[in-house]
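Visitor: Each chain, written out:
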Amino acid sequence: MAFISSGYRPEKPMEGRISDIGPHKYDSYFPPVIAENFGKWLYHEILEPGVLMHVAEGGAKVYTVRVAGTRTMSITHIREVCDIADKYCNGFVRWTTRSNIEFMTDSEETLAALKADLATRKFDGGSFKFPLGGTGAGVSNMIHTQGWVHCHTPATDASGPVKCVMDAVFDDFQNMRLPAPVRISLACCINMCGAVHCSDIGVVGIHRKPPMIDHEWADQLCEIPLAVAACPTAAVRPTKVEHDGKKVNTIAVKADRCMYCGNCYTMCPAMPIADAEGDGVIIMVGGKVSNRISKPKFSKVVVGYIPNEPPRWPSLTKTIKHILDVYATDAQKYERLGDWAERIGWQAFFEKTGLQFTHHLIDDFRDPAYYTWRQSTQFTF
Amino acid sequence: MAKHATPMLDELEKGPWPSFVSDIKQEAAHRAANPNGLDYQIPAEAPEDLLGVLELSYEEKETHWKHGGIVGVFGYGGGVIGRYCDQPEKFPGVAHFHTVRVAQPAGKYYSTKFLRDLCDLWDLRGSGITNMHGSTGDIVLLGTQTPQLEELFYELTHKMNVDLGGSGSNLRTPAACLGQSRCEYACYNTQDMCYQLTMDYQDELHRPAFPYKFKFKFDGCPNGCVCAMARSDFAVVGTWKDDIKIDQEQVKAYAAGELKPNAGAHAGRDWGKFDLQAEVVDRCPGHCMKWDGAKLSIDTKHCVRCMHCINTMPRALHIGDERGASILVGAKAPVVDGAQMGSLLIPFIDCSAPYDDVKEVIEKIWDWWMEEGKNRERVGETMKRLSFQKLLEVTDTEAAPYHIVQPRTNPYIFFKEEEVPGGWERDIKQFRERHQR
Chain A
86 MAFISSGYRP EKPMEGRISD IGPHKYDSYF PPVIAENFGK WLYHEILEPG
136 VLMHVAEGGA KVYTVRVAGT RTMSITHIRE VCDIADKYCN GFVRWTTRSN
186 IEFMTDSEET LAALKADLAT RKFDGGSFKF PLGGTGAGVS NMIHTQGWVH
236 CHTPATDASG PVKCVMDAVF DDFQNMRLPA PVRISLACCI NMCGAVHCSD
286 IGVVGIHRKP PMIDHEWADQ LCEIPLAVAA CPTAAVRPTK VEHDGKKVNT
336 IAVKADRCMY CGNCYTMCPA MPIADAEGDG VIIMVGGKVS NRISKPKFSK
386 VVVGYIPNEP PRWPSLTKTI KHILDVYATD AQKYERLGDW AERIGWQAFF
436 EKTGLQFTHH LIDDFRDPAY YTWRQSTQFT F
Chain B
3 MAKHATPMLD ELEKGPWPSF VSDIKQEAAH RAANPNGLDY QIPAEAPEDL
53 LGVLELSYEE KETHWKHGGI VGVFGYGGGV IGRYCDQPEK FPGVAHFHTV
103 RVAQPAGKYY STKFLRDLCD LWDLRGSGIT NMHGSTGDIV LLGTQTPQLE
153 ELFYELTHKM NVDLGGSGSN LRTPAACLGQ SRCEYACYNT QDMCYQLTMD
203 YQDELHRPAF PYKFKFKFDG CPNGCVCAMA RSDFAVVGTW KDDIKIDQEQ
253 VKAYAAGELK PNAGAHAGRD WGKFDLQAEV VDRCPGHCMK WDGAKLSIDT
303 KHCVRCMHCI NTMPRALHIG DERGASILVG AKAPVVDGAQ MGSLLIPFID
353 CSAPYDDVKE VIEKIWDWWM EEGKNRERVG ETMKRLSFQK LLEVTDTEAA
403 PYHIVQPRTN PYIFFKEEEV PGGWERDIKQ FRERHQR
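Protein sequences appear in the order of chains A and B. Per my numbering, residue 86 is the first one in the first sequence, and the count goes up by one each step. Per my numbering, residue 3 is the first one in the second sequence, and the count goes up by one each step.
Since the hints were derived computationally from the structure, they do not count as laboratory data. Some hints here could point you the wrong way.
[To be verified] For each label pair, taking beta carbons as the anchor points, the in silico distance ranges come out as: (1) B:Ala211 with A:Val333: 33 to 39 angstroms; (2) B:Arg428 with A:Phe466: 57 to 63 angstroms; (3) B:Arg428 with A:Ala337: 43 to 49 angstroms.
Just so you know, even glycine gets a beta-carbon here, dropped at the ideal spot from N, CA and C.
So that you can see chain B by itself, here it is in the shape it has in the complex:
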């Protein structure tokens, strides 16, 4: 018998999509039955009370969670987010319900051993409810009490050899696409760069020293599966410089309808016969392709590497061999001065381990932003306030046309004093000798 009646949430058990309500109910039943005879370290009814407080929100259309308190583990400034219910008497099982962020492996491959160990730990010391995963990429353990935090951290570090993720004004848990592990488009080893930089910047990740949050994301190609250039302050997006490799026989096979275009991605509708000219050549944003019925040619100088032709004919076209990445800086969600997309800073950077070139850019940006950034100002906002030119200057990057969509339309140019002969100190007396008042 459920502890709370949840007639509104019960409506969310209907329909084909996996129901999180059914799932929480099965966890509630599991804890009530306690098949392993655990001495639960937080109230067994936590999932029941989570449903109860959510049902109350469904009735009242307002949240019942309070502002977080300052909780955490010794020596870290992030990784745990305090959370308290504003109706603790009604829902004692979730009165204190803190979140623990656990660092995920880049690309999110798991063994069942690791997952089961984590489940066992969370069964004993938490609510049994998780997020797989949080938005930034961490494994999120949802709901425990303060006395369990050090115990969880001890068990995670000592028995599972894994650390907490980031929160607060620090480096957030970096994330990567699955990269070369299972994708032919990956222009560099996204998972390794993500892992190495996460390890190299553990201090920045655990101990808040920044004006605000800072996110790294690593996409292997311009398709952008991990949304780096929309969602990270520092986006590393794989690219290449040389020719797209063409297998002309396979191109002919696509043209003849022998191979499924788009790797079968459009198979749910009859779009008619594949038309290489209309669907690939005419849609190329660089207008750099030609198809004469027997041979496909690409003028590399005009290729903008949008991926369309490769996505459309993956068996015939392959990324080039001179590989690296572009770096885009300053993306963020709207709060508070509006959403920003990453802006291209470095068009091509070497991506071989140990990634010193990439780290040099990161550290130059951090030095500047930590000096100049205001409280709760993302680096993208600092860039807007202090100019893109300033970012170029602090990263020792030469201004070039690839940095812009168009040149400025106003004449309000800031010149450096040394750019103007004679500088800015002038003699008014001499001026008056030439010009009467």
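Extracted from the complex, chain A is given alone in its bound form:
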């Protein structure tokens, strides 16, 4: 490999340097029908799962084909997206917040050809490259985090379990049979760089063992006071121990105060927390972001632990599919999963789903915990 210079001269970093130019302007890449009707859209209709039609005041129409994208994506795949957009969409394409890809056209004929083309494209391994769906009262694409693919703090993988969950609920990505939209998300640790705390179904990676302490390295790798300050439950304190015959400055963790958030490890690499047996996922349900009918709400933990079961995470996928099916059967039209659980009551939620209620599901973190206990004699036998 010979180093190829871009033109940058390391000895003169400021020479001709361009900085603070920001993103491209949002309207640089509007398809003509979008540019012409900006701010003039009147209504829309979902023609079939994955196909939208938006109609503007003057009668102009744009058809959108929404297909699944994977967050982790190769440039070979992006180039194929470009080939499709060049062929059918005048060289324009967009991505959604939930990693879906949208191809737009103002022609019904093009729409039909585009749909037919997308349906035929498969990876060598057999999966669809561009399945249509993710609209209306169905399951849209999962937002997720990095996982074992590229993160240093995960308690589970992200892309893998997402692939498995979406395989399990694939019919509901391509259908609109549910009472309301269902948003499933996955965060591979409680940092939630992909926030899942307001999802209909949220999967969150958790640790279950306090961090180990690398005494030999703690004082060299870490600002010990920062690690101490990082702990929300005051489980971390500075200490000195004998190591290899020397007194070293290091850290101690009070195990019974630790709830394994890993915030100390974020500040101090000498406190590794990941563990094959300790790590796994929880399932949270009933959150939403929309203000439609009911207010936005947080997801609640309904399964306190599922082990990591690579490569296909069967317990996780089975549980999610089950929750989804019970919800689909029992909820009323327009009820989000959390609205349904609140209407029937969480007692009934556990009865109907058959999920086991354990002590792990009762809140004990800080003041808000109290407000989740039942201060009433109203319950059912």
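Put chain B on the given structure of chain A with help from the hints.
Guide: Relative to chain A, chain B alone:
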């Protein structure tokens, strides 16, 4: 022939959902074949080794990525995240595997020219693997080595006219829903506000000066497609003040079953005949609608703008004309003191360019938070620690019932000294003249 056997990952090629494993494999094959004869600037086997190290994680159920190192481009404190593999001898192609965040256009519309240029750049100078997109919204280029960082930045800025995104304790890359570009519900130009504020705050975005991260998100309406009020420290959510516009003929057409309710969103099941009374009027959280079989009326004073009726009958009902946005502050994910939802600060704010009203609120919040916020404390946590009243004070906002769900249930009120006649300095001698010890 694959460099590493990946029997567990191969299981992820099965099933209908697009397989990221198949995708990485096709990138590995592309780099092995090198059809364009590139002199790859990082190891050609990067995708192979990425699969290899991931397979190892699948066997061992633990990650093999180390804490990030301090890497970046000159003059910026964010945009690049250092990443190193903890098994570099086994997987030299990903031994150094840094992330580069590239600023996305608001609403994520692209030309294939831009995407192809980016792919060409990443083919030469990176792993060929991306995230489209990262959680905050950036284009994420996944995996390159330190000597390539300045080269990438030079090519991005000089040849593609695009900048890096945010990371660290700074303004993170703002994100917007697609807004007025293709949505009839958008109450303001989300993409433009996002773009303008991103441009105006480039310094805050690239040079960390905050206690912790700070996110802006812009939703065009209360449906909240970009999750602003759950995911951003500063959420701008479109709303309106006047009447929902009603087309009575279209309402009748919905009632008669001539139009598909919910824009067809429930078409996958037979829910029976559309019942306007039960499905719209009775579900209105403001109880502000009436339907007499011929005319739909809405008592605007009691409308909470939840969007349900508009979502259900998009051809008959339309957002009002007196448009702006509500501002909610302090949302965050759980780490470390628990998840928070944005709390309503400003019920209605003008959203016309150049957005001076919105920027004034932002800057007042920043001034306060940069002064008072602790290290790694999100503004929502500062609000909890120092009170909502303090936020009202620093933003010159009058307390009003819309700020709360209910008034306080405890009597522990902090009064300001000037609110109490005579203040807090009292004479104990005078007190003792009236009251024996």
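Visitor: Regarding arginine 428 of chain B and phenylalanine 466 of chain A, is the given constraint of 57 to 63 angstroms on their beta-carbon distance met?
Guide: holds, 58 angstroms
Visitor: Do arginine 428 of chain B and alanine 337 of chain A keep their Cβ atoms within the hinted range of 43 to 49 angstroms?
Guide: With Cβ atoms ~48 angstroms apart, the hint holds.
Visitor: Given the range 33 to 39 angstroms, decide if the beta-carbon distance of alanine 211 of chain B to valine 333 of chain A lies inside it.
Guide: holds, 35 angstroms
Of the numbered hints given earlier, the model fails none.
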